[in-house]
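These protein sequence lines map, in sequence, to chains A and B.
Take the first sequence: its letter number 49 is residue 49 in this note's numbering, and every next letter is one higher.
Take the second sequence: its letter number 95 is residue 95 in this note's numbering, and every next letter is one higher.
Careful, some of the hints might be misleading.
If chains are identical, the list can't say which one is meant, so a pair holds when it fits in one copy or spans any two.
What the hints assert, rightly or not - Only pairs whose alpha carbons sit at most 20 Å apart, straight line, appear in this in silico EDC-like list of lysine to aspartate or glutamate:
no.	residue 1	residue 2
1	Lys112	Glu25
2	Lys133	Asp166
3	Lys133	Glu171
4	Lys207	Asp221
5	Lys112	Glu87
6	Lys207	Asp84
Simulated from the structure, these hints should not be mistaken for laboratory data.
There are 2 protein chains.
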Amino acid sequence: MPPISILVFDIFGTVVDWHGSIVREVQAAYPQVDADAFALAWREGYQPAMQRVRSGERGWTRLDELHRGILDEILPRFGLGHLDEAERAHLNRVWHRLNPWPDSVAGLARLKTRFTICSLSNGNIGLLTNMAKRGGLPWDCVLSAEVFHAYKPDPRVYLGAARLFDVSPAEVMMVAAHQDDLAAARDCGLATAYIERPMEFGAAHLKDVSPDPANTHHARDLIDLADRLGC
Amino acid sequence: MPPISILVFDIFGTVVDWHGSIVREVQAAYPQVDADAFALAWREGYQPAMQRVRSGERGWTRLDELHRGILDEILPRFGLGHLDEAERAHLNRVWHRLNPWPDSVAGLARLKTRFTICSLSNGNIGLLTNMAKRGGLPWDCVLSAEVFHAYKPDPRVYLGAARLFDVSPAEVMMVAAHQDDLAAARDCGLATAYIERPMEFGAAHLKDVSPDPANTHHARDLIDLADRLGC
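Let's have the full structure, built from the sequences with the hints guiding it.
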């Protein structure tokens with residue numbers, strides 16, 4: 001087995017806290033809204049919207065646009081159908097302003113000393129870059145579905161990341177808080193590390209974070225992963 | 001005029017010293033070779049190789065492969081036709097190991113405090129990422145011709161960079177040591193900053209670094225550019 005040289009990271013839920021960040025912004029701007037339900041409804045539209053792109057029903061469309069379509073759909077259900085274009089555009093960019101989990105910046109900084117660390121997210125390049133700059137995420141390279149014009153779990157994303165660096169899939173490790181993302185990466189020959197994020201959907205909706213023995217590593221958070229990888 | 005928020009940088013010659021870096025490696029590994037002539041011959045094949053891709057004569061091919069094709073062509077002329085596959089592959093990766101100019105890391109760190117800073121190079125993503133990690137270039141995002149499957153000065157590269165960030169071309173400034181790169185960026189509506197790199201082709205082949213009044217800025221180096229932009 002060649003040694004792992006590249007770590008690629010899922011972002012939403014794994015490195016940043018999308019639920020908590022959206023709840024905080026929505027509570028502050030629209031106190032009358034059930035912010036927890038709003039965040040969950042927005043995220044619920046995520047897979048179906050990407051599925052329309054994956055299936056070919058819709059041509060390549062970046063995530064900012066998919067997020068905006070879902071937002072426009074759910075706003076009336078939360079009594080926010082009156083928001084104007086500028087307010088909608090600003091709210092949609094909350095996905096660029098998601099906060100890292102408390103361990104993310106320190107964990108990535110340690111992992112970066114031994115590995116090339118890249119995002120590998122369905123978020124678009126501009127979104128990921130703005131998020132990283134604001135939150136201090138020290139990527140060596142911002143990789144995105146947008147580079148490959150394919151959304152995870154399409155194999156082109158995982159295999160494409162290895163190909164960009166001219167390494168075999170086994171030299172790349174996918175790091176994610178989602179077993180389905182890791183299973184797809186594993187099917188492509190990547191190593192995998194699961195990160196426990198029990199609070200991904202908020203404290204009121206604790207997530208099952210049981211280990212899957214098929215993963216190469218199972219870590220509490222990114223600092224724990226750095227410990228396990230000897231960084 | 002909207003304020004500039006994104007700086008995109010040409011790399012070879014502008015941020016890193018390709019000539020000096022190649023000369024040093026070739027002198028150390030193959031002392032019998034005229035390293036200055038070797039570096040110039042390798043770089044001379046660069047535009048014609050990309051032109052075959054630009055013209056459509058050849059499908060999308062990343063720069064690592066173009067560099068390798070030129071290398072295989074010139075090796076016999078320099079008495080190195082006997083190099084085996086591993087030696088050729090290693091030598092070809094010298095483009096991943098180019099050293100920053102002495103002002104580059106400090107200048108970029110200052111520019112990064114006020115702007116989003118991205119590479120925008122014909123080098124491929126893996127090359128640019130390896131180079132940045134080795135040399136400490138603090139990019140917010142590694143952008144490459146490889147993202148757009150088009151080589152500068154194709155307008156898709158300059159316009160594509162603005163589109164990724166959802167800004168108008170006037171909010172992006174191209175920074176380069178080559179007037180033709182800047183002219184093409186300007187034609188797309190980008191602001192431009194010329195960087196003097198009189199030693200790009202080595203001390204024996206000083207380059208004309210006269211100002212062109214069409215550029216938005218003209219700077220001695222990246223620290224001088226940071227001064228001019230108030231960073």
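Status of the hints after comparison with the structure:
{"no.": "1", "hint": "Lys112 x Glu25", "verdict": "neither (31 Å within a copy, 27 Å between copies)"}
{"no.": "2", "hint": "Lys133 x Asp166", "verdict": "between (27 Å within a copy, 16 Å between copies)"}
{"no.": "3", "hint": "Lys133 x Glu171", "verdict": "between (27 Å within a copy, 18 Å between copies)"}
{"no.": "4", "hint": "Lys207 x Asp221", "verdict": "within (15 Å within a copy, 52 Å between copies)"}
{"no.": "5", "hint": "Lys112 x Glu87", "verdict": "neither (37 Å within a copy, 28 Å between copies)"}
{"no.": "6", "hint": "Lys207 x Asp84", "verdict": "neither (35 Å within a copy, 54 Å between copies)"}
Of the numbered hints given earlier, the model fails hints 1, 5 and 6; all others are met.
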